[in-house]
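Participant: Modelling step: build the complete structure from the supplied sequences, incorporating the hints.
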Amino acid sequence: MSHAASCSLWNRLSIRALLIAGTALLVTAPPARAGLGDMMKKATDKAAKSVEKKATPTAPCKAVEYDEVVLELTNDRVEHILAAFKAAGEAGAERPALVEKLNKLNDERGAIWDKNYEAIQKTQSKRDDIKGCYHDGYKAAEQRRAEEYSKRALTDPVLLAKYQRLAQENNAAAMKGDSAAMNRMMQGMHEEMAPTPDDSLQVRKQCGPLPPKSAAEEKVDALDKQITSLNDQIATVDENVAKAQAQKGGMDDQQWAAALERIRNYMAYSGGGKSSSKSPPCGFSSAEAEALSKHAEQLKAVLG
Amino acid sequence: MRRAGHLALALAALLLSEPLRAHAEPAARAPAALAVWEAGAWRTFWRPDRAPERWAAADSAILRSLDWKRLASGLAWASLRLACGAPVWRARLILARLDPRELRLSLVFDLSRADLRPAWSIEKAPGDALLAVNAGQFGTSMPWGWVVVDGRRQLSPGLGPLASAIAFDDSGRVLWTHGDTLASSAGIVAAFQSYPTLLAGDGVVPPALRTAGSGVSLTHRDARLALGETRDGRLLIVMTRFDAIGEVAEFIPLGPTTPEMAAIMGALGARDAVMLDGGISAQLLLRDPARKAPLEWRGMRKVPLGLIARPRVPATASRPAEAGR
Numbered sequence: 001m002s003h004a005a006s007c008s009l010w011n012r013l014s015i016r017a018l019l020i021a022g023t024a025l026l027v028t029a030p031p032a033r034a035g036l037g038d039m040m041k042k043a044t045d046k047a048a049k050s051v052e053k054k055a056t057p058t059a060p061c062k063a064v065e066y067d068e069v070v071l072e073l074t075n076d077r078v079e080h081i082l083a084a085f086k087a088a089g090e091a092g093a094e095r096p097a098l099v100e101k102l103n104k105l106n107d108e109r110g111a112i113w114d115k116n117y118e119a120i121q122k123t124q125s126k127r128d129d130i131k132g133c134y135h136d137g138y139k140a141a142e143q144r145r146a147e148e149y150s151k152r153a154l155t156d157p158v159l160l161a162k163y164q165r166l167a168q169e170n171n172a173a174a175m176k177g178d179s180a181a182m183n184r185m186m187q188g189m190h191e192e193m194a195p196t197p198d199d200s201l202q203v204r205k206q207c208g209p210l211p212p213k214s215a216a217e218e219k220v221d222a223l224d225k226q227i228t229s230l231n232d233q234i235a236t237v238d239e240n241v242a243k244a245q246a247q248k249g250g251m252d253d254q255q256w257a258a259a260l261e262r263i264r265n266y267m268a269y270s271g272g273g274k275s276s277s278k279s280p281p282c283g284f285s286s287a288e289a290e291a292l293s294k295h296a297e298q299l300k301a302v303l304g
Numbered sequence: 001m002r003r004a005g006h007l008a009l010a011l012a013a014l015l016l017s018e019p020l021r022a023h024a025e026p027a028a029r030a031p032a033a034l035a036v037w038e039a040g041a042w043r044t045f046w047r048p049d050r051a052p053e054r055w056a057a058a059d060s061a062i063l064r065s066l067d068w069k070r071l072a073s074g075l076a077w078a079s080l081r082l083a084c085g086a087p088v089w090r091a092r093l094i095l096a097r098l099d100p101r102e103l104r105l106s107l108v109f110d111l112s113r114a115d116l117r118p119a120w121s122i123e124k125a126p127g128d129a130l131l132a133v134n135a136g137q138f139g140t141s142m143p144w145g146w147v148v149v150d151g152r153r154q155l156s157p158g159l160g161p162l163a164s165a166i167a168f169d170d171s172g173r174v175l176w177t178h179g180d181t182l183a184s185s186a187g188i189v190a191a192f193q194s195y196p197t198l199l200a201g202d203g204v205v206p207p208a209l210r211t212a213g214s215g216v217s218l219t220h221r222d223a224r225l226a227l228g229e230t231r232d233g234r235l236l237i238v239m240t241r242f243d244a245i246g247e248v249a250e251f252i253p254l255g256p257t258t259p260e261m262a263a264i265m266g267a268l269g270a271r272d273a274v275m276l277d278g279g280i281s282a283q284l285l286l287r288d289p290a291r292k293a294p295l296e297w298r299g300m301r302k303v304p305l306g307l308i309a310r311p312r313v314p315a316t317a318s319r320p321a322e323a324g325r
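From first to last, the protein sequence lines are chains A and B.
At position 304 of the first sequence the residue is numbered 304 (our numbering), and the sequence of numbers has no breaks.
At position 292 of the second sequence the residue is numbered 292 (our numbering), and the sequence of numbers has no breaks.
None of these hints come from the bench; they were simulated from the model.
There's no promise every hint is true.
[As the list claims (entries may be wrong)] Straight-line Cα separation of at most 35 angstroms, DSBU-like style, residue types lysine-lysine; simulated pairs: (1) A:LYS122 with B:LYS69; (2) B:LYS69 with A:LYS101; (3) A:LYS225 with A:LYS86; (4) A:LYS86 with B:LYS302; (5) A:LYS300 with B:LYS69.
Facilitator: In structure tokens:
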């Protein structure tokens with residue numbers, strides 16, 4: 001494996017060339033009105049930005065570091081990948097039918113939504129208003145209960161007795177590590193401050209009931225469930241295809257994904273895989289470039 | 001001409017000295033350590049042999065090196081340079097910081113109709129998008145795990161000890177859940193899952209990222225993209241691009257490892273963080289409404305899920321674009 005091949009671009013660009021380019025940039029820059037220090041700062045900033053944007057030689061372009069995820073794309077491996085695409089077709093056989101079904105459901109949902117949009121929005125808006133009213137009502141009830149509680153917490157003998165008992169029970173539960181019992185104690189303390197069922201009834205009476213779902217909303221909800229289920233099924237099919245491909249290709253899932261990603265990367269920067277340059281692109285060995293170039297057409301057909 | 005001479009000398013000094021120093025310091029002094037370029041020098045902020053199990057606060061050297069540029073209310077961006085000693089690699093970090101209380105976040109689930117293949121890229125970001133970035137992880141077509149778009153569940157939750165779910169409600173609240181639990185979907189307008197978790201439980205690095213053999217490669221290097229939330233409730237989107245000549249180099253699989261990415265997010269002050277799909281999928285658009293052209297870091301392939309941030313404006317009667325799908 002070739003780990004150390006440097007990118008030819010780096011080798012071709014010398015510091016001297018960059019200096020010439022940088023000096024030319026400064027000479028053509030508009031005259032500065034500020035002092036020399038300021039001008040130098042601006043010029044160096046500009047040069048730095050320009051160089052940074054275009055061709056900063058901040059690090060030599062190296063060949064990829066192979067590891068347990070990134071495997072070398074040898075000719076043999078590339079041929080295995082291509083064979084895997086052909087062989088794993090079975091795992092994805094049901095996909096087209098699922099896609100068709102999904103499109104149909106999405107169309108159906110879209111039609112219902114379009115026809116009933118105004119009515120659905122109106123109902124949802126009303127529902128939101130009532131929910132907001134419930135929320136405000138419960139908050140007000142909580143506040144009222146908390147105020148009542150603070151007034152009687154230190155004077156009500158019944159409450160004091162209850163807390164004394166709860167504290168003892170809590171300590172006993174803590175000694176035993178009984179978290180369920182401790183939670184019950186906490187609940188006992190909180191219930192004194194929480195709104196009562198009477199409070200809830202009052203709030204609901206004041207705000208009115210939530211509007212029931214319309215027939216269109218019920219239909220949209222039912223379609224949404226089916227759409228989610230189909231999306232899940234298609235995702236599972238795709239996962240199975242990828243697994244089958246990776247297996248046929250002699251790789252694990254991660255290695256397979258990394259290999260395809262690198263092939264796409266190579267193809268994007270070498271005009272569809274057929275590079276005319278003698279040097280391999282940055283991040284690829286000569287052997288890899290040769291193997292990928294040799295199978296460019298087939299790779300393009302399966303990877304798009 | 002004398003001035004031009006001075007400037008040429010200054011430039012020569014800049015060009016000659018910085019890369020040489022840059023090569024020497026992190027590599028020679030601290031193998032496998034992470035260093036940030038700050039005030040003309042590399043400052044090491046993380047070493048694998050002294051890696052914290054929890055990031056309780058941001059690293060001061062990292063904070064000093066950040067020069068946030070405001071793009072819009074609730075959105076700023078910055079970039080910084082990062083180096084590792086062994087193997088020697090250099091990356092540019094592109095950071096976007098957004099306040100979900102000031103920006104409205106939504107997801108776009110975009111697959112081609114004919115064969116349901118990923119169809120979204122930042123080129124499809126709407127004109128009023130201040131930020132657009134690929135979200136979640138995906139294999140061949142569908143996003144992995146839970147996806148909620150406009151309050152509708154599109155995909156069911158995925159399971160995994162290092163899965164993280166990020167959910168947004170209408171008020172700008174961001175809910176993180178890690179592992180095999182999910183936030184309640186009540187009030188959620190958008191949600192997705194991704195993996196692996198980088199930080200959970202207020203800055204804790206998951207044990208699987210600290211111990212070899214836990215199912216996550218701790219040594220694989222790649223171009224990365226991550227999402228995190230800081231302790232003041234702002235979101236950070238962090239993208240790495242290999243710092244070398246030419247665009248092709250940006251995508252070569254060389255960059256931080258997963259533990260290093262956790263360290264980067266922790267050092268930036270994140271309490272929760274998760275990796276998003278990096279490599280050739282990673283793409284980010286940032287828009288300054290005052291400027292015509294957006295800042296763009298393009299990916300090399302289309303993805304199924306995009307995260308969009310728009311300004312929060314009072315609700316209008318106009319129909320939302322995504323509602324019909």
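Participant: Please go over all the hints and tell whether each is borne out by the structure.
Facilitator: Going down the list of hints, with the structure as the test:
1. With a C-alpha separation of about 42 angstroms, the suggested pair A:LYS122 and B:LYS69 falls outside the 35 angstroms cut-off, and the hint is violated.
2. Proposed proximity of B:LYS69 and A:LYS101 is contradicted: the alpha carbons are some 48 angstroms apart, above 35 angstroms.
3. Of the pairs offered as hints, the one joining A:LYS225 and A:LYS86 holds, with about 34 angstroms between alpha carbons and a cut-off of 35 angstroms not exceeded.
4. Restraint check: the Cα-Cα separation between A:LYS86 and B:LYS302 comes to about 23 angstroms, which is no more than 35 angstroms; the hinted pair holds.
5. Between A:LYS300 and B:LYS69 the CA atoms are separated by roughly 41 angstroms; this puts the pair beyond 35 angstroms, and the hint is violated.
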